[in-house]
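Participant: Residues per chain, in single letters:
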Amino acid sequence: MYRARRLVICHFWAALLCFAPAIVLGVWQMLMRSPLPAPLDDPNVYYASVTAHGSIMAYVFPTLFAMGFGYAITVTTLARPLKGQVWAWVGFWLCVIGTAMAIVPVAMGRSSVLYTFYPPLIGSPWYYLGIVLVVLGSYCWIALTLVNLRSWKRENPGTPVPLAMFAITATALLWGWTALGATVELVFLILPVALGWTHTINAGLARTLFSWTLHGIVYFWLLPAYIALYTLLPQAAGGRLYSDTMGRIAFILFLVFSLPVGLHHLFMDPEQGSGFKFVQSVLTFMVALPSLLTVFSVAATLEIAGRVRGGRGLFGWIRALPWHEPLVLACGLALVPLGLGGFGGLVNMSYAMNAMVHNTSWVTAHFHLIFAGAVVIVYFAIAYHLWPQLTGRELTSKRLARVQLWLWFWGILITTVPWHITGLMGEPRRMAMFDYAEPFEAKMGFLNTLSVIGGLVMLSSVVLLLYVLVRSSVGATARVPPLTYALAVNPPAQVPALLNGFGLWNAILLALIVLSYGYPIGQFFFLRTHASPGYSLTEEPRR
Amino acid sequence: MAEAQGTAPAGIVAEPVVVRTETRWLFIMAGMLGIMLAVVVLTGVFQALHPLSHIEIIDPATLHLSGEFVENNLGSAVEPDGVVTVRMIAHQYMFTPQCVTVPVGTLVRFRLTSPDVTHGFIIADTNANAMIVPGFVSEIATRFDRIGAYKMPCHEFCGFGHHGMWAHVVVVPRDQFPKIGPDERMTCVPR
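Taken in sequence, the protein lines are chains A and B.
Residue numbers for the first sequence follow this note's numbering, so the first one is 26 and each next one is one higher.
Residue numbers for the second sequence follow this note's numbering, so the first one is 16 and each next one is one higher.
In isolation and in its complexed conformation, chain A is listed as follows (with noise of 0.2 Å):
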């Protein structure tokens, strides 16, 4: 693979082996939320856990999956070796670092704020400095992914940059922009306070440069699954990408609609008008059009890859697809709750129907459904598409791999559907514990059992992952075909340059942010807000 495998593989093991430990996190939450009783039974602890697991999947666990993934994808593309590969190693280990110095306060109760900050509660100034280097780590891979583009195009002139560059691209910009809010907030708000070098925060600013970064994130975190959607499960299930234009197209949409949008976060919050959370509710369903256009593009390709193998009537082509195939099945399963999710999201969106469920179980089912159901499901079945290329190693074996990804996905619906329940009976989320005693909460210890056993479920998958990924990673080496990506039914043999690089688009997103976020955040120099003073959660904790 282009002397990156080291590089890939690297960037893969260490989201592994941070994203299992969160995992086993994730389960004693459950418990500790449910009438079960759970080990190490503290809140305090609780609260810990929390900042760590959402910290790892949220900032750590996707972002090295895409790194490592965009690595891949650029050297196989491009057809040659990484340019500056040298940074993308700094990258790798300021994550790593990053990571390891953000999560020990965490583990020792000195910066329990959760993964979301919450100023003016102030946390150890380790935990931020942590998550800044990982997103510098991040912004490495960000640089090179538009060094090796561009040199690859200035000796290529008039040749289609492939669809899956021109989709990693856009994933790497969509961060590149997306993390700007909460690094700003980290560095000009908060890590002054938890240096001690100023004493009050405001906290209403805090707020609105978070949700800058707070959805933008969440498709940041969704791109590299609709990556292997359009580039990679075509050619697993036989077929043919249906359109390569739609692809671009759909690429461009969330590159531009997935940032303006994170108002929506603060719909039930005091410190911003209605006009600007109309503004943004809007644009909101904008960036609902480019999944849909997936969800076609996909199940075209599909359709013609089901005929080609000899499916015929209307639905006689979904049972002749290849669901041997680890990528076909984790595609096939993404999609369900990919659509439970996305209907839930419509709720969220919805400027008014917001208030029965903001900040309740449902939201958590929400994006549980959607991260870990649609998107790490796809992240798994990547890992095991590129492992023969990374390894030189069949994978052993995919019938595994496919009980993998059967235990995955009714794990995340048996944890998820419970939760979406209690949060329209009103149960709020983050709380450590109940009183099952009170008849509001005993209606819901039923409930919330449920959603431990899905979550020891998904546990088990995450066991068996780790146990193919090894048992293949080990033993005989085997010849490996090249890496390659699904054509189109019509291979381009031009594109027109609005759909080749990403110059104006970049302007129209800068755009749209200054109209779109320019006016809430500037609010805050003009209107005479009041800052707090910070409040220090490193503390003895009280017990």
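No wet-lab data here; the hints were simulated from the structure.
It cannot be assumed that every hint is accurate.
[Unchecked claim] The calculated lysine to aspartate or glutamate pairs, modelled on EDC-like cross-linking and capped at a C-alpha distance of 16 Å, are: (1) 194/B with 94/B; (2) 166/B with 140/B; (3) 166/B with 460/A; (4) 166/B with 463/A; (5) 108/A with 180/A; (6) 194/B with 131/B; (7) 468/A with 140/B.
Fit chain B to the given chain A structure using the hints.
Facilitator: Then chain B, alone, in the frame of chain A:
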């Protein structure tokens, strides 16, 4: 994986067909989103369904010294027009007052603020749901259709005692809601 290599021939679907079907799908989906958006807009405008809608600034350091959030002004108040205003403070790790009484079937306006960190509240089975951010007043209006005791938890992480932060709203029949003067305040905190 040999069998999985692209076995579909190029051009299996003609380019104009691809473009036509995709364009059709694009318009159908845009139409669907348009209808959903219209529902959101129309309900927002005609049923006055809005989330927290205006910005009201308050100094978290002095709110207990003067103004509407001084201690003896907290609880339920009856406005001249019959609307009930409930004023509460959310702080680590309780609401003050911990229990408020309101009449059934009456417009109740909740006004909350925080002197310390970010909190929030939700009253299950109603649309009362808001973040409480220090420096701002959160106001949300609702109407209780059912008599009974409602739980009102803090739903935003506010520190190590967060899970203990629950208030109660007791909704009583109108005739059991005492007649109180303009300067009197009602709570159901046991004395």
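Participant: For this structure, which hints from the list above don't hold up?
Facilitator: Structure breaks hint 6 only.
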